[in-house]
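Line by line, the protein sequences give chains Y and D.
Under the working numbering, residue 466 is the last one in the first sequence; the count climbs by one each step, no gaps.
Under the working numbering, residue 1490 is the last one in the second sequence; the count climbs by one each step, no gaps.
Simulated from the structure, these hints should not be mistaken for lab results.
There could be a bad hint or two in this list.
Using C-beta positions, here's what the derived DEER-type ranges look like [to be verified]:
1. D:1328 / Y:255: 18 to 26 Å
2. D:1003 / Y:262: 33 to 41 Å
3. D:1387 / Y:379: 46 to 54 Å
4. Y:266 / D:1055: 53 to 61 Å
5. Y:287 / D:1099: 50 to 58 Å
6. Y:379 / D:1099: 43 to 51 Å
7. D:1096 / Y:247: 41 to 49 Å
8. D:1107 / Y:257: 50 to 58 Å
9. D:1329 / Y:265: 27 to 35 Å
10. D:1328 / Y:319: 52 to 60 Å
11. D:1107 / Y:149: 45 to 53 Å
12. D:1312 / Y:170: 40 to 48 Å
13. D:1065 / Y:247: 52 to 60 Å
These figures come from a predicted structure and were not determined experimentally.
Think of the CB as a built atom: it goes at the ideal place given N, C-alpha and C, for glycine as much as any other residue.
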Amino acid sequence: MTAIAERRATSSVALTILRAREVGLVLLIALVVIVTTVHNPHFIDSNSIEQLLSGAALIALLGVGETLVVVTRNVDLSVGSVLGLSAYVVGHLFKYDHIPVWSGFAIGILVGVAAGVLNGFIVTFMRVPSLVVTLGMLYIIRGIDGVVVNGERIDPEYIPTSFTAVGYKTLFGIPWLAIIVAVVVAIAGYAMRSFRASRDLYAIGSNPAAAALAGIHIQRRVFTAFVLSGALAGLGGALFLALHTQIDNSGGIGYELSVIAAVVVGGVAIFGGSGTVVGAALGALLLNTINQALVASRISAFWNQAIAGALLLAAIAFDRWLSLRVTKTLQSAEGAHRDI
Amino acid sequence: MATSARLTLEGATKAFGPVVALGDGSITLYPGDAHALVGENGAGKSTLVKIVGGVYRPDTGTLSIDGKPVEFSGPADAQAAGIAIIYQEPSLFPDLTVGENIYMGRQPLGSARRIDRRTMERDAREIFTRLGVHLDPSRLARGLSVADQQIVEIAKALSFNANVLVMDEPTAALTTVEVLRLFDVIKTLREDDVAVLFISHRLEEVYACCQRVTIMRDGRFVRSTPVADVTVDDIIHSMVGRELDTLFPKTETAPGEVVLDVRDLTTKGVFEDISFTVRAGEIVALAGLVGAGRTEVARAVFGIDRRDSGSVRLAGRELRNGDARAAMAAGMALVPEDRHQQGLVMDLGIDQNVALASLTRLRRLGLIFRSSERRLAETWAEKLRLKYGRLRNVASTLSGGNQQKVVLGKWLARAPRLLIIDEPTRGIDVGTKAEVHRILDGLVADGMAVLMISSELPEVLGMADRVLVLREGRLTAELSRAEADEHSIMRAATGQTAEIAA
């Protein structure tokens, strides 16, 4: 019996290491905040906390969708373009068609769903690698965006103030934008643990051949993941407009890479199978916190990207080390047969 | 056998393009019975399993369950019909917990269709108790030993109350103790009226745990009989019984000096104490069942994989451990088993592929000219009677047999002293097969030493001057051309001693 107890202990240690990813991110964020505050006490005032959260919110939101896709061993590079197009379409409708405020969000999501359906369809039914499909969509949607925008810019006076309120109003010092994203992250995080369909996503990424043998509808699930990623990018577009109150054809350029960086730093395995939505959101928060910390410490903004990149490599190296470590721990946790 | 059949497969066929994997697959499984399916490598056993499991759809033939014909459009249908399959290659999700692996797609649900993890883990624990094993359902599947992976697979089968359980070579990677444990599990299942189909190369296991045995050969059903009614010799005879044909143009040669001298080659857990020699002008075959360690021995000899101990000498010179370049420089060549992945660069031209191993020699002023590649390729295309459109065409345009000739040509262009060739004619049509054999025969006649790995007994018997038989990583027999026949090789490969068989 002691052998069994020991086994339990070792495997729970391994699981603790895995769960510690989220804890580790929180600690890292706290560390960055503390160190920066020591250098520059203004860093911690309410204004900059708002900035920390708002800045991370959109990346975190897109990171949720990206996590669903990456977990299945795919990638969605089109999220930045989708966000840009969605933001412009919503702004355009506010300006010329005076649509009601709530429909701004709905239409944003619809634009994203359309892009997600297209991505998902080509990836699953035409069997083109998602890297290629979504890279193509990145450019196609950006191109369509350019045509639709046609050099115009939607200025703040056309956006209803009740819409932009989401971007600047706060509840107990927390921006509404961040609250919305936190709710999405919480729901998605819970759903990813608790429903069969979401566990299928992990199974597909973990071992595609075995997933097929287990009778999982791989195409259907991957398709859904892309649609949800698109929908969240579309919602992100509406929120982007609410935050920035103006939009031209440059909204969301380069977001896809920030999103993927956040997802990877957040512990989502780039080859699928593991990682959490909460981790991805924390990854986004960490990257943005470092970003702001550099500004507050008056370090050149150029360092920003270098540090984000270094963090990414560190995260991947850490993952590799962790996975070797976990495998080793689990191997040494004795199996069923040895005690007969 | 008063009960009626649980599952019947009759006259199933399956072809992949021109290759017929299954010519006549027939089997009948009864509840409470363990049924063995035996046959040589490539006899069509795995194809039959995949048809039963809904992975392949048979081209013809009928599958019935409890007397009613069924058609599966995918693995999910087979599962729904109560068929659980444990495939040769493990099919677990390393990133998920053991419990989730067992219940994937069928997780117990609580309110609002949420997964009830507590129930899931409790149920899994119950199944493990029933199987008499201790395995924590909440641990990840990553890092499980092969035996434990199999236990998880069996638990999966039990969890959906499968009434047909198919195990494709479950014992291949197990230790003796683990095998005994598995037999206990099979016995428990039989008491629950499950029909078990058990595939194994080890005939003693067939006798230890099965009631009926079905024998297949060359993709065809040979016969099905109660185990008690047949002897090991009968089974082996039914497995291999066929005539050697003219596929093997073997000329007698007088072997020369020793070219390859392998002593006490050991890689822990893979093979142990392998010693043999290959002389100039002879073909030595490395026979044995899939998984016996033949390819691994060849890779260690060539230096692709490091050996733990032992020595490899080529023409008297010791080769450095794990140095394939040195082996090549010393005159060793290896034609791998998997042409597509390891033998050819499919998207390069035929000429470029032939030249690939001779680039140093072809270099002019530090550059490789396509014209010199073509000249080399022309020479070998002619010698090997390659059938091709143009030498510039990419290698993937060739048929399997001609691709094999290109790989051969690539290595022969280096004029090696020793050629190691792994499954020289796998997946090649009969006509080209004979040509490849003729080429090999010509090479040894010119004094080359050849080490040939082959799963096809007729090829081994037809081409080899000496036969080394591996079983589970150990050399179990060294047979001269005169001593080697299908029975002696199969006995050594399956671990049956001659005394029992006699």
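For each hint given before, does the structure comply? Return the numbers of the non-compliant ones in rising order. 5, 7, 8, 10, 11, 12 and 13
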